[in-house]
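Student: Now for the letters of each chain:
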Amino acid sequence: MFPAPFLLHAPDGFFSVPVSVAFWVVTAAVLAISVREANRSLEERTVPTLGVLAAFIFAAQMVNFQVAGGTSGHLLGGVLAAVLLGPWAGSIVMASVIAVQALVFQDGGLVVMGANIFNMGIIGTLGGYVVYRAIASLGRGWRWQLGAAAVAAWFAVEAAAVVTAFQLALSDTSPLNVALPAMAGVHALIGLGEAAITVAALAFIASVRPDLLQARERAIAAGGEGHAGGLRGALRSGPAWLAAGIVASALVVVVLAPFASADPDGLQRVATDYGFDTVAQANPYEILPGYTVPGLGGTASTVVSGLLGVLLVLAVVLGAARIVAARRAARLQREEASSTA
Amino acid sequence: MSGLALDRYLPRESPIHALDARVKFLVAVAFILAVSLLPAGAFASIAIAWAAIALASGAAKLGPFRPTRNAFFALPFVLAALPLVFTRPGEELFALPLGVFTLRVSVEGLVAFLTIASKSWVAVQAALLLAYTTPFHDLVDALRALRLPTIFVTTVSFMYRYLAVLSDEASRMLRARAARSGSRGGRSGGRLRWRAVVAGRIVGALFIRAYERSERVYQAMLARGFEGTVRPRASRALRRREWAALALAAALLASFEAAAHLWIPAV
Chain A
742 MFPAPFLLHA PDGFFSVPVS VAFWVVTAAV LAISVREANR SLEERTVPTL
792 GVLAAFIFAA QMVNFQVAGG TSGHLLGGVL AAVLLGPWAG SIVMASVIAV
842 QALVFQDGGL VVMGANIFNM GIIGTLGGYV VYRAIASLGR GWRWQLGAAA
892 VAAWFAVEAA AVVTAFQLAL SDTSPLNVAL PAMAGVHALI GLGEAAITVA
942 ALAFIASVRP DLLQARERAI AAGGEGHAGG LRGALRSGPA WLAAGIVASA
992 LVVVVLAPFA SADPDGLQRV ATDYGFDTVA QANPYEILPG YTVPGLGGTA
1042 STVVSGLLGV LLVLAVVLGA ARIVAARRAA RLQREEASST A
Chain B
-13 MSGLALDRYL PRESPIHALD ARVKFLVAVA FILAVSLLPA GAFASIAIAW
37 AAIALASGAA KLGPFRPTRN AFFALPFVLA ALPLVFTRPG EELFALPLGV
87 FTLRVSVEGL VAFLTIASKS WVAVQAALLL AYTTPFHDLV DALRALRLPT
137 IFVTTVSFMY RYLAVLSDEA SRMLRARAAR SGSRGGRSGG RLRWRAVVAG
187 RIVGALFIRA YERSERVYQA MLARGFEGTV RPRASRALRR REWAALALAA
237 ALLASFEAAA HLWIPAV
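Here the protein sequences come in this chain order: A and B. Following this note's numbering, the numbering of the first sequence begins with 742 at its first residue and continues without gaps. Following this note's numbering, the numbering of the second sequence begins with -13 at its first residue and continues without gaps.
Hints listed in this document are in silico derivations from the structure and should not be mistaken for laboratory results. All C-beta atoms in this analysis are idealised placements derived from N, C-alpha and C, irrespective of residue type, glycine included. One thing to keep in mind: the hints can contain errors.
[As the list claims (entries may be wrong)] Label pairs and their in silico Cβ distance ranges: (1) Val766(A) <-> Ala244(B): 21 to 29 Å; (2) Asp952(A) <-> Leu61(B): 41 to 49 Å; (3) Arg950(A) <-> Ala45(B): 51 to 59 Å; (4) Arg1075(A) <-> Ala244(B): 55 to 63 Å; (5) Gly880(A) <-> Val86(B): 53 to 61 Å; (6) Ala1071(A) <-> Arg217(B): 54 to 62 Å; (7) Ser948(A) <-> Ala236(B): 51 to 59 Å; (8) Asp952(A) <-> Ser0(B): 48 to 56 Å.
[Claimed, not checked] Here chain B is said to cover these stretches of chain A; the calculated rule only asks that three of the stretch's residues, wherever they fall, bring their Cβ under 8 Å from a Cβ of chain B: (9) 863 to 875; (10) 885 to 897.
Pulled out of the complex, with its shape left as it was, chain B reads as follows:
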């Protein structure tokens, strides 16, 4: 195995792990949707949503703050929202004189920026928690049960199966390149054009290996009786308890959303 962590699944004996993947997937998407719909400045509501994640993570025996700790990696994207701080008109908080021009920070801009950043942070935690508590193949089965076209379901499940193999293949090739290309002080050798062409040839070689592997896989499947279609695991109907869990989650999220717009104070 390479350094690439290919699965975030963390096996535990918990009610959240035991919950049907379809239910978990739908609740996670609905939760992220509810968080996305919160009004600007609804920091109290965002805090409630975050607390719900912490509770669920605690219930899943992962420790309440594991998703919180591990959700920072999505933050570089906040760069995209940063200009709002300066461009949103409103009450001026302070001004940064930068010689020829002045950057004015408005309260409204800061609130809008912090809303986007914190919503995104909580949404990533929800997605993380789903991945922590659900084996990927259960998730794929859930997507199949939710009527995703078969070609996607089979592509995604085959892709996942060969992800580790091909990532390893790629990292071996990159290691081979590193071993054969002198570099000093972090600077690679050769000219830019040469480096680009080498990277492209690695990609080309990787494609050929991947394609040949897919042919061997196909032969192996034929040898084992493959007749052109992948037969899925039979999916059972949702139990009454699972419908109840879905309905409860939907009711909770709807009332949370209504409360956030009507009662919970926003900045």
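Only chain A is shown next, with the shape it has when bound in the complex:
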């Protein structure tokens, strides 16, 4: 029923109070800027528009598609909101969606809401929009713009996951050397679903109601083919997707590995400075001591063990999904059998 990636909707209790308060402060400051900018640029007609489109984001998160086994892909919506409404109004809409999900459906906590809004509503809209504009400005043409939106959507989900992992680690809720590879790895795949839906939705809107895209986007859409054919390059069949996901995860691991383990003391020091460092992390795994592989030195070793971690998480998720799917298939067959009998 609440299909938005659940690992990003943290309930109360998972982020420590210092982390929650710090992110409330940051979120409130950014949203204050959003409110000022939005009030300056929006007209009175946007009073109902923002509300109805917030309900749209909520409903759009219900739209899913089957990926493999029992897993499905769906939308978080940050980049889509930012491209359709502009980043400022987009962040207000996303913050409202997250607030209603927490207040009405208890999907995400109240004290931790600042962090949740930051991860999904601010990184997704403002961060995602920066990536989108930066890439879009480098090239011309319709396909390039859609590609930029795809990269931005993937980035938004991935960055949200990485920040969540750091928040969990700072809160002493999950060790960074487990949370970071797990969150980054899983969301590198989830981000592909986000990218696909975002791009297909934008392509559809551009072809049916190009006037609805913002003025900047309108010019882009007018020059293009106006249908989703250009997606062919970005979206391919299953195995290629999986390969792309693994490559993406690998990239993330390579980029983040130095942060994750070559310099764990950085985070440790931050924790000590803020006084919520209670326990030093010891090495839990005898198979990958210190998150390194014996016989390999330094960063290379971290990268290899990070990749192993990603593959392990992937295997667990796909395995669990397969079991669920098999159960469902068996149940369907039983139902069919009983209805024909």
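Could you slot chain B onto chain A? The hints should help.
Tutor: This is chain B only, laid out in the frame that chain A set:
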């Protein structure tokens, strides 16, 4: 209406339902904050907090254990804290030999994990109780009275108004897709790329319908005399009794927090 339960509000004649939404909202947030601040292993204190929820739920004529029963849905997130059981150094409880490597469960790790899980469970119950006893529009009015920027208040209240409409729209489109896409044994047809594009087009179509609806809503508002601002219901000042309730709740929570850190034994 779709299967989506859009409101958890359960109307009853009770003192908790009658309490001002501002007071309830502030007390719920303060309660969750107090629970979040409890030290690791403070299971006795967490049990007291849980008992307070059960009492309040009983007083609200919802049955004492309704929030407890319905708070399990947040538990999948405990996966995030599970690694603590193995990584937190401390006295070894037992070791799971798994062939090439051994998972060691430490007492400290288990305590930390159970603390996070039970705190979160009690916090979700507090949020549930707030939603059970407060109509959403009262909550929105409370947020307005607590000086949330107007643009958020109007966005949230319009969003809530059209949530059911757009969720229904989405589920109709999903039903139409299901009716037109063969699937057998739980497996959808088509290739992955095609399925993703179809989902994206549904989202696109949903956006267009939502946008067009928002224009009709705006026209209707103009026709009824809308002049650019939503005029809120006038909010009255808190009564003396409500201030007293707030002060009492604050005092109780503060002494509970102090007791939890000083006297109530933690594991």
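Student: Please go over all the hints and tell whether each is borne out by the structure.
Tutor: Results for each hint:
no.	hint	result
1	Val766(A) <-> Ala244(B): 21 to 29 Å	holds (25 Å)
2	Asp952(A) <-> Leu61(B): 41 to 49 Å	holds (46 Å)
3	Arg950(A) <-> Ala45(B): 51 to 59 Å	holds (52 Å)
4	Arg1075(A) <-> Ala244(B): 55 to 63 Å	holds (57 Å)
5	Gly880(A) <-> Val86(B): 53 to 61 Å	violated (49 Å)
6	Ala1071(A) <-> Arg217(B): 54 to 62 Å	holds (58 Å)
7	Ser948(A) <-> Ala236(B): 51 to 59 Å	holds (57 Å)
8	Asp952(A) <-> Ser0(B): 48 to 56 Å	holds (52 Å)
9	863 to 875	violated (count 0)
10	885 to 897	violated (count 0)
Going through the hint list in order, the structure does not satisfy hints 5, 9, 10.
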